Amino acid sequence: TLNPAQKTLSIKQQITYKNTSGDTLKEIYLFDWANSFSSKTTPLGKRFAENYESAFHFEKNEDRGRTDIEKIYNNSYTPIQWQRGDAVDILKIIPETSVKPGESYVFNLEYTVKVSDDRYTRYGVNKLNDYKLRYWYITPAVYNGEWQVYSNKNTDDLFLAPTEFSITLHLPRQYNVTSDFDVVSENDS
29 TLNPAQKTLS IKQQITYKNT SGDTLKEIYL FDWANSFSSK TTPLGKRFAE NYESAFHFEK
89 NEDRGRTDIE KIYNNSYTPI QWQRGDAVDI LKIIPETSVK PGESYVFNLE YTVKVSDDRY
149 TRYGVNKLND YKLRYWYITP AVYNGEWQVY SNKNTDDLFL APTEFSITLH LPRQYNVTSD
209 FDVVSENDS
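Going by this note's numbering, the sequence shown opens with residue 29, and the numbers climb by one from there.
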């Protein structure tokens with residue numbers, strides 16, 4: 029759900045992670061690249077500083093993009109252990125039981141994304157209150173013998189496994205959605 033006054037997206041997301049490897053997984057890593065805008069000391073913030081992009085450095089903390097995780101839980105509504113590491117745009121969840129090869133693990137996330145200004149990467153919200161979204165939802169990292177996890181540094185290099193998405197957007201009537209996804213249905217309610 030888009031809240032233009034707050035420049036936020038409230039998200040309820042379900043992920044079915046299938047272990048396609050030959051290894052038993054005790055944790056699952058997720059990309060939370062919306063949170064890479066949360067401070068000037070993130071890898072993205074440091075990248076902007078290296079490129080002498082001072083606007084991000086002087087942005088007020090409350091105006092920075094970020095992700096506020098409300099809860100992560102399994103299908104029985106039992107909370108799942110999770111943590112952020114040194115890289116604040118990567119999450120690690122710890123399933124209650126290991127995920128064996130060929131098994132799927134279903135979990136749910138509820139979180140709010142504060143959308144960043146678009147002047148840093150061309151994505152985000154602009155002065156006209158138009159939204160160009162990229163990396164706005166949490167996605168599983170790839171495991172191919174080891175986890176392929178790395179922070180957003182604005183190099184357009186997010187590496188994802190083939191994934192099927194089903195997204196339902198709730199937004200004010202004056203907004204239109206444009207996407208390169210295949211639209212299955214639209215409804216004005």
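What the hints contain is simulated information worked out from the structure, not anything from laboratory work.
Hints should not be assumed to be uniformly reliable.
Stated by the list, open to error - Pairs of lysine-lysine residues, derived as DSBU-like cross-links and limited to a Cα-Cα distance of at most 30 angstroms, are as follows:
id: 1; residue 1: Lys160; residue 2: Lys128
id: 2; residue 1: Lys40; residue 2: Lys155
id: 3; residue 1: Lys88; residue 2: Lys181
id: 4; residue 1: Lys160; residue 2: Lys54
id: 5; residue 1: Lys46; residue 2: Lys99
id: 6; residue 1: Lys35; residue 2: Lys68
id: 7; residue 1: Lys120; residue 2: Lys155
id: 8; residue 1: Lys120; residue 2: Lys99
id: 9; residue 1: Lys54; residue 2: Lys155
id: 10; residue 1: Lys88; residue 2: Lys160
id: 11; residue 1: Lys128; residue 2: Lys99
id: 12; residue 1: Lys155; residue 2: Lys181
id: 13; residue 1: Lys160; residue 2: Lys40
id: 14; residue 1: Lys99; residue 2: Lys88
id: 15; residue 1: Lys99; residue 2: Lys54
id: 16; residue 1: Lys74; residue 2: Lys128
id: 17; residue 1: Lys46; residue 2: Lys120
id: 18; residue 1: Lys88; residue 2: Lys46
id: 19; residue 1: Lys181; residue 2: Lys40
id: 20; residue 1: Lys74; residue 2: Lys155
id: 21; residue 1: Lys68; residue 2: Lys46
id: 22; residue 1: Lys88; residue 2: Lys128
id: 23; residue 1: Lys155; residue 2: Lys46
id: 24; residue 1: Lys35; residue 2: Lys128
id: 25; residue 1: Lys181; residue 2: Lys35
id: 26; residue 1: Lys128; residue 2: Lys68
Stated by the list, open to error - For each label pair, taking beta carbons as the anchor points, the in silico distance ranges come out as:
id: 27; residue 1: Gln176; residue 2: Thr44; range: 31 to 37 angstroms
id: 28; residue 1: Thr29; residue 2: Glu192; range: 17 to 23 angstroms
id: 29; residue 1: Ala33; residue 2: Lys128; range: 43 to 49 angstroms
id: 30; residue 1: Leu197; residue 2: Glu174; range: 43 to 49 angstroms
id: 31; residue 1: Arg112; residue 2: Glu81; range: 42 to 48 angstroms
id: 32; residue 1: Gln111; residue 2: Gln202; range: 16 to 22 angstroms
Bear in mind that the values here come from a model prediction, so they are computed numbers and not experimental data.
For glycine and all other residues, C-beta sits at the position ideal for the given N, C-alpha and C.
The hints, checked one at a time:
{"no.": "1", "hint": "Lys160 / Lys128", "result": "38 angstroms, violated"}
{"no.": "2", "hint": "Lys40 / Lys155", "result": "27 angstroms, holds"}
{"no.": "3", "hint": "Lys88 / Lys181", "result": "20 angstroms, holds"}
{"no.": "4", "hint": "Lys160 / Lys54", "result": "36 angstroms, violated"}
{"no.": "5", "hint": "Lys46 / Lys99", "result": "21 angstroms, holds"}
{"no.": "6", "hint": "Lys35 / Lys68", "result": "20 angstroms, holds"}
{"no.": "7", "hint": "Lys120 / Lys155", "result": "35 angstroms, violated"}
{"no.": "8", "hint": "Lys120 / Lys99", "result": "13 angstroms, holds"}
{"no.": "9", "hint": "Lys54 / Lys155", "result": "44 angstroms, violated"}
{"no.": "10", "hint": "Lys88 / Lys160", "result": "21 angstroms, holds"}
{"no.": "11", "hint": "Lys128 / Lys99", "result": "24 angstroms, holds"}
{"no.": "12", "hint": "Lys155 / Lys181", "result": "24 angstroms, holds"}
{"no.": "13", "hint": "Lys160 / Lys40", "result": "20 angstroms, holds"}
{"no.": "14", "hint": "Lys99 / Lys88", "result": "26 angstroms, holds"}
{"no.": "15", "hint": "Lys99 / Lys54", "result": "20 angstroms, holds"}
{"no.": "16", "hint": "Lys74 / Lys128", "result": "38 angstroms, violated"}
{"no.": "17", "hint": "Lys46 / Lys120", "result": "16 angstroms, holds"}
{"no.": "18", "hint": "Lys88 / Lys46", "result": "40 angstroms, violated"}
{"no.": "19", "hint": "Lys181 / Lys40", "result": "26 angstroms, holds"}
{"no.": "20", "hint": "Lys74 / Lys155", "result": "25 angstroms, holds"}
{"no.": "21", "hint": "Lys68 / Lys46", "result": "35 angstroms, violated"}
{"no.": "22", "hint": "Lys88 / Lys128", "result": "45 angstroms, violated"}
{"no.": "23", "hint": "Lys155 / Lys46", "result": "40 angstroms, violated"}
{"no.": "24", "hint": "Lys35 / Lys128", "result": "40 angstroms, violated"}
{"no.": "25", "hint": "Lys181 / Lys35", "result": "22 angstroms, holds"}
{"no.": "26", "hint": "Lys128 / Lys68", "result": "39 angstroms, violated"}
{"no.": "27", "hint": "Gln176 / Thr44: 31 to 37 angstroms", "result": "19 angstroms, violated"}
{"no.": "28", "hint": "Thr29 / Glu192: 17 to 23 angstroms", "result": "22 angstroms, holds"}
{"no.": "29", "hint": "Ala33 / Lys128: 43 to 49 angstroms", "result": "46 angstroms, holds"}
{"no.": "30", "hint": "Leu197 / Glu174: 43 to 49 angstroms", "result": "35 angstroms, violated"}
{"no.": "31", "hint": "Arg112 / Glu81: 42 to 48 angstroms", "result": "24 angstroms, violated"}
{"no.": "32", "hint": "Gln111 / Gln202: 16 to 22 angstroms", "result": "39 angstroms, violated"}
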